[in-house]
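Dock chain U against the given chain F, drawing on the hints supplied.
The listed protein sequences correspond, in order, to chains F and U.
For the first sequence, my numbering begins at 1 and goes up steadily by one.
For the second sequence, my numbering begins at 1 and goes up steadily by one.
Just so you know, these hints were derived from the structure itself, not from any lab.
Being a predicted model, the structure only gives us computed values, none of them experimental.
Each hint should be verified, as a subset may be incorrect.
Said to hold, decoys possible - Incomplete in silico selection of chain U near chain F, CB under 8 Å:
no. : residue
1   : Ser61
2   : Phe65
3   : Ala68
4   : Arg94
5   : Val96
Where is the CB? At the ideal position from N, CA and C, for every residue including glycine.
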Amino acid sequence: MRGAAAIVGAVDLASPTGKLERSVRQLEIEVIRGALDDAGLAIGDVDALFSCTGMMASMELAEYLRIQPRYTDTTMTGGSSFEVHVEHAAAALALGLCEVAVIVYAQTPRSSGGLGGGMGGAMAAMGGDMPMMEWDLPYGLGTPASSYALAATRHFAQYGTSSEQLAEIAVSTRQWAAMNPNARYREPITVEDVLSSPTIAAPLHKLDCCLVTDGAGALVMTTAERARDLRRDPIYVLGAGTSHTHAMSISQMRDLTVTAGAVSGPLAFAMAGISAADVDVLETYDSFTITVLLALEDLGFCAKGEGGDFVTGGRLAPGGALPTNTNGGGLSYTHPGMYGMFVLVEAVRQLRGGLAHRQVPDAKVAVAHGCGGVLSSTSTVVLGTEETL
Amino acid sequence: MPRLEPKASALTEPFWEATRERRLVLQWCRPCDAGIHYPRWACPSCLGDDLEWRQSAGRGSLYSFSIATASASPMLADLAPVAIALVELDEGVRLVSNVVDVDLDAIEVGMAVRVRWESMSDGRHFPLFAPDRD
Chain F
1 MRGAAAIVGA
11 VDLASPTGKL
21 ERSVRQLEIE
31 VIRGALDDAG
41 LAIGDVDALF
51 SCTGMMASME
61 LAEYLRIQPR
71 YTDTTMTGGS
81 SFEVHVEHAA
91 AALALGLCEV
101 AVIVYAQTPR
111 SSGGLGGGMG
121 GAMAAMGGDM
131 PMMEWDLPYG
141 LGTPASSYAL
151 AATRHFAQYG
161 TSSEQLAEIA
171 VSTRQWAAMN
181 PNARYREPIT
191 VEDVLSSPTI
201 AAPLHKLDCC
211 LVTDGAGALV
221 MTTAERARDL
231 RRDPIYVLGA
241 GTSHTHAMSI
251 SQMRDLTVTA
261 GAVSGPLAFA
271 MAGISAADVD
281 VLETYDSFTI
291 TVLLALEDLG
301 FCAKGEGGDF
311 VTGGRLAPGG
321 ALPTNTNGGG
331 LSYTHPGMYG
341 MFVLVEAVRQ
351 LRGGLAHRQV
361 PDAKVAVAHG
371 CGGVLSSTST
381 VVLGTEETL
Chain U
1 MPRLEPKASA
11 LTEPFWEATR
21 ERRLVLQWCR
31 PCDAGIHYPR
41 WACPSCLGDD
51 LEWRQSAGRG
61 SLYSFSIATA
71 SASPMLADLA
81 PVAIALVELD
91 EGVRLVSNVV
101 DVDLDAIEVG
111 MAVRVRWESM
121 SDGRHFPLFA
131 PDRD
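Bound conformation, chain F alone:
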């Protein structure tokens, strides 16, 4: 599968106000149109559709757009869904099951007043009881922040990691956001600012937590062969891997310091034939600062337990050794609920080159790492330029 498929169109939409003032369907159409234009393709070329928001999501969208796909995918693994979609699309393209795939996402929690009542609302929408309603909610465990806080506390106890170290991640990410005119927050922050922001679920403070904004994004993928005739330089899928350890109840995660990334990362890196040292830019899901720290360890950028030291001293920041979340991340750029689309779009942008302010010089290999649920599912995609093939 390595190098058999490429991303040829990539756009995202977010606003400094956090609001986009359009319906979800309008936003989906806008980003699909944008990504197809970016690729130099038309809607009539699309024969594979990937969407995971709503019931029979890809069918509803295909009906609306009058597409009759020959490959369809509604895989829903929360925030990592879009990395999984890229993995599935690359496999389908490699096997000749389709030729032009569109992956799309839009959500408007900022303008529609939240994400539907947190997990309770999400569960009601899914119908049926989830175990967490009986075993977790009575004790107040039902929002992502508390679950991620449990992982942070365990990491602190096991490895001596500190709130100051987690705050470094928020500070570095904000430095990148300062260079993204579409970011929600661009003013610099300090470690002290993070620590003095209100406690949400100790040890996590408000500035350890992602935003809630409207947002949308779309990707167009095709075969390596067809990609070479299109408008933009193809960005190749070099490797991909996916895993999950549990669903919405973090009590079922065996070790709260080791995510599914310890499986999905090595799978993706092995397929790509790279190690962590080969990665020029990392775009990794940052629902919370602890999400980033665990991903850095699980993907092998540092040893387990050493994430706190690793993120200190601006290593992830502009000019640092491992440029990370260069769009400003879910912490400062945008986070409509399932942020995984935005790590992919930013990875493509960095590899294409020519970003006005935040370009990582000479970036050839990028990793886009998604995380969904409550540290539950991860999917890792390794992307590369033509010369990495």
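For chain U alone, kept in the frame of chain F given last:
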């Protein structure tokens, strides 16, 4: 909002009924000789259904915890600040609960805890945990 009182199912009724007598029971797979929580229709290790309920001693240690504030969720308005905990029972089973009867600043990972009961409106009880000082 008060603590959400769980609706038991045919599967989970033995757990909640035992709490009327302030007994903590755990689902157990006989062939694997291992506890299961949350309760399931089959053992998640062997997929077998040779299951029974066994009484827990109600003692364990804190695997992790978080002090959640009301800003974490509107759901927490009446509970916050609350110590949400993952309790590792001595029987090897992990469950979600709260640490109570404790100075919130004094809670630590690894702390020994023991079950404490809080009544529901219908005679059942919630298993909560407090520091085990014995």
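Each hint, compared with the structure:
no.: 1; hint: Ser61; verdict: 11 Å, violated
no.: 2; hint: Phe65; verdict: 6 Å, holds
no.: 3; hint: Ala68; verdict: 4 Å, holds
no.: 4; hint: Arg94; verdict: 6 Å, holds
no.: 5; hint: Val96; verdict: 5 Å, holds
Violated hints amount to a single one, hint 1; each of the other numbered hints is respected by the structure.
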